[in-house]
Amino acid sequence: MSGGIARGRLTEERKSWRKNHPHGFVAKPETLPEGTVNLMVWHCTIPGKAGVAYELTLIVLLFVFGWHIYLIMGALQTDWEGGYYPLTMQFSEDYPSKPPKCKFPQGFFHPNVYPSGTVCLSILNEDSGWRPAITVKQILVGIQDLLDTPNPQDPAQTEGYHMFIQDPVEYKKRVRQQAKQYPPLV
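Sequential numbering from 1 applies to the sequence shown in UniProt numbering.
Hints should not be assumed to be uniformly reliable.
Claimed, not checked - Calculated cross-link-like contacts (lysine to any residue; reagent style SDA-like; alpha-carbon spacing at most 25 Å):
no., residue 1, residue 2
1, 173, 150
2, 173, 137
3, 15, 38
4, 28, 167
5, 103, 114
6, 137, 163
7, 172, 51
8, 101, 77
9, 180, 81
10, 173, 151
11, 15, 51
12, 49, 167
13, 137, 158
14, 49, 127
15, 172, 38
16, 28, 172
17, 172, 117
18, 173, 97
19, 137, 167
20, 101, 167
21, 98, 178
22, 49, 6
23, 98, 81
24, 49, 152
Unchecked claim - For each label pair, taking beta carbons as the anchor points, the in silico distance ranges come out as:
no., residue 1, residue 2, range
25, 172, 18, 33 to 41 Å
26, 30, 97, 32 to 40 Å
27, 33, 165, 19 to 27 Å
28, 5, 32, 18 to 26 Å
29, 106, 12, 17 to 25 Å
30, 32, 149, 21 to 29 Å
31, 125, 24, 33 to 41 Å
32, 97, 50, 33 to 41 Å
33, 15, 93, 35 to 43 Å
34, 106, 30, 36 to 44 Å
35, 168, 28, 17 to 25 Å
36, 125, 158, 31 to 39 Å
37, 172, 138, 24 to 32 Å
If you are wondering where the hints come from, they were derived from the structure by calculation, not from laboratory data.
Quick caveat: nothing in here was measured; it's all calculated off a predicted structure.
Positions of the beta carbon are idealized from the N, C-alpha and C atoms, including for glycine.
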(Lines of atoms letter the chains of each structure in order from A; the text may use other names.)
(Lines give C-alpha, C1' and ligand atoms only; values in the text may rest on other atoms or scores of the structure.)
Protein backbone atom coordinates (compact mmCIF):
# COMPACT_ATOMS: atom_id res chain seq x y z
CA MET A 1 0.00 0.00 0.00
CA SER A 2 2.84 2.40 0.76
CA GLY A 3 3.94 2.22 -2.90
CA GLY A 4 0.55 3.66 -3.80
CA ILE A 5 1.13 6.52 -1.40
CA ALA A 6 4.57 7.17 -2.91
CA ARG A 7 3.29 7.17 -6.48
CA GLY A 8 0.31 9.35 -5.59
CA ARG A 9 2.52 11.89 -3.88
CA LEU A 10 4.99 11.87 -6.80
CA THR A 11 2.15 12.39 -9.28
CA GLU A 12 1.11 15.47 -7.28
CA GLU A 13 4.73 16.66 -7.10
CA ARG A 14 5.02 16.35 -10.87
CA LYS A 15 1.83 18.40 -11.44
CA SER A 16 2.99 21.05 -9.00
CA TRP A 17 6.44 21.22 -10.62
CA ARG A 18 4.98 21.66 -14.09
CA LYS A 19 2.88 24.60 -12.87
CA ASN A 20 5.60 26.35 -10.91
CA HIS A 21 9.31 25.62 -10.66
CA PRO A 22 12.41 27.77 -10.21
CA HIS A 23 13.99 29.19 -13.36
CA GLY A 24 16.71 27.00 -14.87
CA PHE A 25 15.83 23.89 -12.87
CA VAL A 26 14.67 20.66 -14.50
CA ALA A 27 12.97 17.76 -12.71
CA LYS A 28 11.16 15.04 -14.61
CA PRO A 29 10.46 11.37 -14.09
CA GLU A 30 12.45 8.86 -16.07
CA THR A 31 10.97 7.73 -19.38
CA LEU A 32 11.56 4.03 -19.98
CA PRO A 33 12.49 2.66 -23.44
CA GLU A 34 8.92 1.53 -24.11
CA GLY A 35 7.69 5.06 -23.40
CA THR A 36 6.23 4.55 -19.93
CA VAL A 37 7.07 6.92 -17.09
CA ASN A 38 8.90 5.70 -14.00
CA LEU A 39 7.81 8.04 -11.20
CA MET A 40 10.33 6.49 -8.81
CA VAL A 41 13.38 7.93 -10.63
CA TRP A 42 13.63 11.62 -11.58
CA HIS A 43 16.31 13.18 -13.76
CA CYS A 44 17.03 16.71 -12.62
CA THR A 45 19.26 19.63 -13.48
CA ILE A 46 20.32 22.19 -10.89
CA PRO A 47 21.68 25.49 -12.23
CA GLY A 48 24.65 27.01 -10.46
CA LYS A 49 23.49 29.80 -8.21
CA ALA A 50 23.55 33.19 -9.92
CA GLY A 51 25.51 36.00 -8.36
CA VAL A 52 24.40 39.47 -7.40
CA ALA A 53 24.02 41.82 -10.35
CA TYR A 54 26.44 44.43 -9.03
CA GLU A 55 28.70 45.02 -6.11
CA LEU A 56 29.05 48.58 -4.96
CA THR A 57 32.16 49.52 -3.06
CA LEU A 58 32.57 52.96 -1.66
CA ILE A 59 36.10 54.06 -0.96
CA VAL A 60 36.66 57.31 0.84
CA LEU A 61 40.18 58.65 0.98
CA LEU A 62 41.32 61.64 2.94
CA PHE A 63 44.19 63.41 1.30
CA VAL A 64 46.04 66.41 2.59
CA PHE A 65 43.94 68.69 0.38
CA GLY A 66 40.50 67.16 0.92
CA TRP A 67 38.20 64.18 0.57
CA HIS A 68 38.15 61.92 -2.46
CA ILE A 69 35.27 59.50 -2.93
CA TYR A 70 35.41 56.60 -5.38
CA LEU A 71 32.55 54.31 -6.29
CA ILE A 72 33.59 50.97 -7.74
CA MET A 73 30.98 48.82 -9.45
CA GLY A 74 31.33 45.32 -10.80
CA ALA A 75 29.38 42.17 -11.47
CA LEU A 76 29.62 39.42 -8.87
CA GLN A 77 29.36 35.81 -9.83
CA THR A 78 29.28 32.64 -7.76
CA ASP A 79 31.87 30.01 -8.59
CA TRP A 80 29.04 27.60 -9.50
CA GLU A 81 27.28 29.98 -11.90
CA GLY A 82 27.13 28.85 -15.51
CA GLY A 83 27.05 25.15 -14.66
CA TYR A 84 23.93 23.01 -15.02
CA TYR A 85 24.48 20.04 -12.75
CA PRO A 86 22.76 16.70 -13.42
CA LEU A 87 21.20 14.99 -10.40
CA THR A 88 19.19 11.79 -10.11
CA MET A 89 16.52 11.43 -7.43
CA GLN A 90 15.68 7.83 -6.52
CA PHE A 91 12.46 7.46 -4.54
CA SER A 92 11.63 4.36 -2.52
CA GLU A 93 8.20 2.81 -2.03
CA ASP A 94 8.34 4.38 1.47
CA TYR A 95 8.37 7.94 0.11
CA PRO A 96 7.38 10.41 1.58
CA SER A 97 8.07 8.72 4.92
CA LYS A 98 11.67 8.34 3.76
CA PRO A 99 13.66 10.86 1.70
CA PRO A 100 14.84 10.20 -1.85
CA LYS A 101 18.47 9.37 -2.57
CA CYS A 102 19.98 12.27 -4.51
CA LYS A 103 23.08 11.67 -6.62
CA PHE A 104 25.31 13.74 -8.83
CA PRO A 105 27.59 11.89 -11.28
CA GLN A 106 30.26 9.78 -9.59
CA GLY A 107 33.34 11.86 -8.76
CA PHE A 108 31.42 15.16 -8.48
CA PHE A 109 33.63 17.66 -6.64
CA HIS A 110 32.07 19.16 -3.50
CA PRO A 111 32.78 18.82 0.25
CA ASN A 112 29.24 17.54 0.91
CA VAL A 113 29.01 15.05 -1.96
CA TYR A 114 30.35 11.53 -1.44
CA PRO A 115 32.73 10.13 -4.10
CA SER A 116 29.77 8.00 -5.27
CA GLY A 117 27.89 11.24 -6.05
CA THR A 118 25.42 10.92 -3.17
CA VAL A 119 24.49 14.27 -1.63
CA CYS A 120 25.02 14.75 2.11
CA LEU A 121 22.39 17.30 3.21
CA SER A 122 20.50 17.45 6.50
CA ILE A 123 17.04 17.57 4.91
CA LEU A 124 17.86 14.28 3.13
CA ASN A 125 18.82 12.55 6.38
CA GLU A 126 15.99 10.26 7.37
CA ASP A 127 17.10 10.26 11.04
CA SER A 128 17.38 14.00 11.55
CA GLY A 129 16.30 16.62 9.01
CA TRP A 130 13.81 14.82 6.77
CA ARG A 131 10.09 15.65 7.02
CA PRO A 132 7.47 14.11 4.72
CA ALA A 133 6.18 17.59 3.82
CA ILE A 134 9.48 18.51 2.09
CA THR A 135 8.92 18.83 -1.66
CA VAL A 136 11.05 18.07 -4.70
CA LYS A 137 11.36 21.82 -5.25
CA GLN A 138 12.62 22.38 -1.70
CA ILE A 139 15.15 19.56 -2.06
CA LEU A 140 16.55 20.90 -5.33
CA VAL A 141 16.77 24.49 -4.09
CA GLY A 142 18.39 23.20 -0.89
CA ILE A 143 21.00 21.33 -2.92
CA GLN A 144 21.65 24.45 -5.03
CA ASP A 145 22.24 26.41 -1.81
CA LEU A 146 24.55 23.67 -0.52
CA LEU A 147 26.65 23.83 -3.68
CA ASP A 148 27.37 27.52 -3.13
CA THR A 149 27.59 27.30 0.67
CA PRO A 150 29.21 24.00 1.72
CA ASN A 151 28.76 22.70 5.26
CA PRO A 152 32.26 22.01 6.65
CA GLN A 153 30.68 20.42 9.77
CA ASP A 154 29.41 17.48 7.69
CA PRO A 155 32.03 16.58 5.06
CA ALA A 156 31.40 13.69 2.68
CA GLN A 157 34.59 13.68 0.58
CA THR A 158 38.13 14.19 1.75
CA GLU A 159 39.52 16.04 -1.27
CA GLY A 160 36.71 18.60 -1.52
CA TYR A 161 36.67 19.19 2.23
CA HIS A 162 40.44 19.66 2.60
CA MET A 163 40.66 21.97 -0.39
CA PHE A 164 37.67 24.03 0.83
CA ILE A 165 39.27 24.45 4.28
CA GLN A 166 42.99 24.64 3.45
CA ASP A 167 43.19 26.21 -0.01
CA PRO A 168 40.07 28.28 -0.80
CA VAL A 169 41.65 29.84 -3.91
CA GLU A 170 42.33 26.43 -5.45
CA TYR A 171 38.89 25.22 -4.33
CA LYS A 172 37.19 28.08 -6.19
CA LYS A 173 39.32 27.41 -9.27
CA ARG A 174 38.34 23.73 -9.23
CA VAL A 175 34.64 24.61 -8.85
CA ARG A 176 34.82 26.99 -11.83
CA GLN A 177 36.50 24.26 -13.91
CA GLN A 178 33.75 21.82 -12.93
CA ALA A 179 31.08 24.37 -13.92
CA LYS A 180 32.54 24.37 -17.44
CA GLN A 181 32.08 20.58 -17.59
CA TYR A 182 28.31 21.04 -17.21
CA PRO A 183 27.23 23.67 -19.77
CA PRO A 184 23.57 24.45 -20.46
CA LEU A 185 21.79 21.87 -22.60
CA VAL A 186 20.51 24.19 -25.30
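Consistency of the hints with the structure:
| no. | hint | in the structure |
| --- | --- | --- |
| 1 | 173 x 150 | holds, 15 Å |
| 2 | 173 x 137 | violated, 29 Å |
| 3 | 15 x 38 | holds, 15 Å |
| 4 | 28 x 167 | violated, 37 Å |
| 5 | 103 x 114 | holds, 9 Å |
| 6 | 137 x 163 | violated, 30 Å |
| 7 | 172 x 51 | holds, 14 Å |
| 8 | 101 x 77 | violated, 29 Å |
| 9 | 180 x 81 | holds, 9 Å |
| 10 | 173 x 151 | holds, 19 Å |
| 11 | 15 x 51 | violated, 30 Å |
| 12 | 49 x 167 | holds, 22 Å |
| 13 | 137 x 158 | violated, 29 Å |
| 14 | 49 x 127 | violated, 28 Å |
| 15 | 172 x 38 | violated, 37 Å |
| 16 | 28 x 172 | violated, 30 Å |
| 17 | 172 x 117 | holds, 19 Å |
| 18 | 173 x 97 | violated, 39 Å |
| 19 | 137 x 167 | violated, 33 Å |
| 20 | 101 x 167 | violated, 30 Å |
| 21 | 98 x 178 | violated, 31 Å |
| 22 | 49 x 6 | violated, 30 Å |
| 23 | 98 x 81 | violated, 31 Å |
| 24 | 49 x 152 | holds, 19 Å |
| 25 | 172 x 18: 33 to 41 Å | holds, 36 Å |
| 26 | 30 x 97: 32 to 40 Å | violated, 22 Å |
| 27 | 33 x 165: 19 to 27 Å | violated, 45 Å |
| 28 | 5 x 32: 18 to 26 Å | holds, 22 Å |
| 29 | 106 x 12: 17 to 25 Å | violated, 31 Å |
| 30 | 32 x 149: 21 to 29 Å | violated, 36 Å |
| 31 | 125 x 24: 33 to 41 Å | violated, 26 Å |
| 32 | 97 x 50: 33 to 41 Å | holds, 34 Å |
| 33 | 15 x 93: 35 to 43 Å | violated, 20 Å |
| 34 | 106 x 30: 36 to 44 Å | violated, 18 Å |
| 35 | 168 x 28: 17 to 25 Å | violated, 36 Å |
| 36 | 125 x 158: 31 to 39 Å | violated, 20 Å |
| 37 | 172 x 138: 24 to 32 Å | holds, 27 Å |
Hints 2, 4, 6, 8, 11, 13, 14, 15, 16, 18, 19, 20, 21, 22, 23, 26, 27, 29, 30, 31, 33, 34, 35 and 36 from the earlier list are contradicted by this structure; the remaining hints agree with it.
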